[in-house]
Amino acid sequence: MKYELTDDLLTGNALIDSEHRELFAAVNNLMDACAQGKGRDQIQKTVQFLEDYVAKHFRDEEGLQTKSNYPGYPAHKQFHDGYRRKLAETTQVLTREGPSVKALGDLNGVVAILVSHIRTEDKRLARHIKG
Numbered sequence: 041m042k043y044e045l046t047d048d049l050l051t052g053n054a055l056i057d058s059e060h061r062e063l064f065a066a067v068n069n070l071m072d073a074c075a076q077g078k079g080r081d082q083i084q085k086t087v088q089f090l091e092d093y094v095a096k097h098f099r100d101e102e103g104l105q106t107k108s109n110y111p112g113y114p115a116h117k118q119f120h121d122g123y124r125r126k127l128a129e130t131t132q133v134l135t136r137e138g139p140s141v142k143a144l145g146d147l148n149g150v151v152a153i154l155v156s157h158i159r160t161e162d163k164r165l166a167r168h169i170k171g
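So the number in our numbering is just where the residue sits in the sequence shown, counting from 1, plus 40.
Heads up, some of the hints might be wrong.
Below, simulated DMTMM-like cross-link-like pairs (lysine to aspartate or glutamate); rule was C-alpha separation at most 20 Å, straight line [as the list claims (entries may be wrong)]:
#1 K96 / D72
#2 K107 / D48
#3 K42 / D57
#4 K117 / E102
Computed Cβ-Cβ distance ranges for the label pairs, DEER-style [as the list claims (entries may be wrong)]:
#5 D48 / K85: 38 to 48 Å
#6 K42 / G77: 29 to 39 Å
#7 R80 / D48: 29 to 39 Å
#8 K117 / R167: 14 to 24 Å
#9 M41 / V133: 32 to 42 Å
Hints were generated in silico from the structure; no laboratory data involved. Predicted model, so just to flag it, every value in this text is computed and none were measured. Positions of the beta carbon are idealized from the N, C-alpha and C atoms, including for glycine.
Starting from the given sequences, assemble the full structure and let the hints guide the process.
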């Protein structure tokens with residue numbers, strides 16, 4: 041399954057949407073490498089990119105929230121903090137165990153949480169910023 045930034049996931053904010061595209065591309069690249077039997081070669085690089093990029097993306101979103109006095113900031117920040125921890129736990133297992141079916145399934149689960157968050161919370165944030 042490929043992750044795509046479909047119309048229902050577009051927020052209308054250029055920065056947020058471009059960063060979501062890059063995150064999805066990184067996950068897709070790892071999944072493609074695993075499907076070709078090259079997952080072990082890609083894991084460390086992709087895991088590091090995901091963790092770094094999620095941290096950057098969340099900082100960018102949080103900056104937009106504080107700049108625009110977003111009333112949902114505390115809950116959004118709390119989600120981001122928990123998500124960073126969950127992603128780190130999942131990627132540690134993936135790095136340790138390799139691209140097992142379970143580890144990749146867990147990563148897909150973490151990405152699904154992000155997709156749901158984009159669909160609701162990030163779109164709400166973008167509407168607030170837009171005014």
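Against the structure, the hints come out as follows:
no.	hint	in the structure
1	K96 / D72	24 Å, violated
2	K107 / D48	25 Å, violated
3	K42 / D57	17 Å, holds
4	K117 / E102	7 Å, holds
5	D48 / K85: 38 to 48 Å	30 Å, violated
6	K42 / G77: 29 to 39 Å	18 Å, violated
7	R80 / D48: 29 to 39 Å	34 Å, holds
8	K117 / R167: 14 to 24 Å	18 Å, holds
9	M41 / V133: 32 to 42 Å	20 Å, violated
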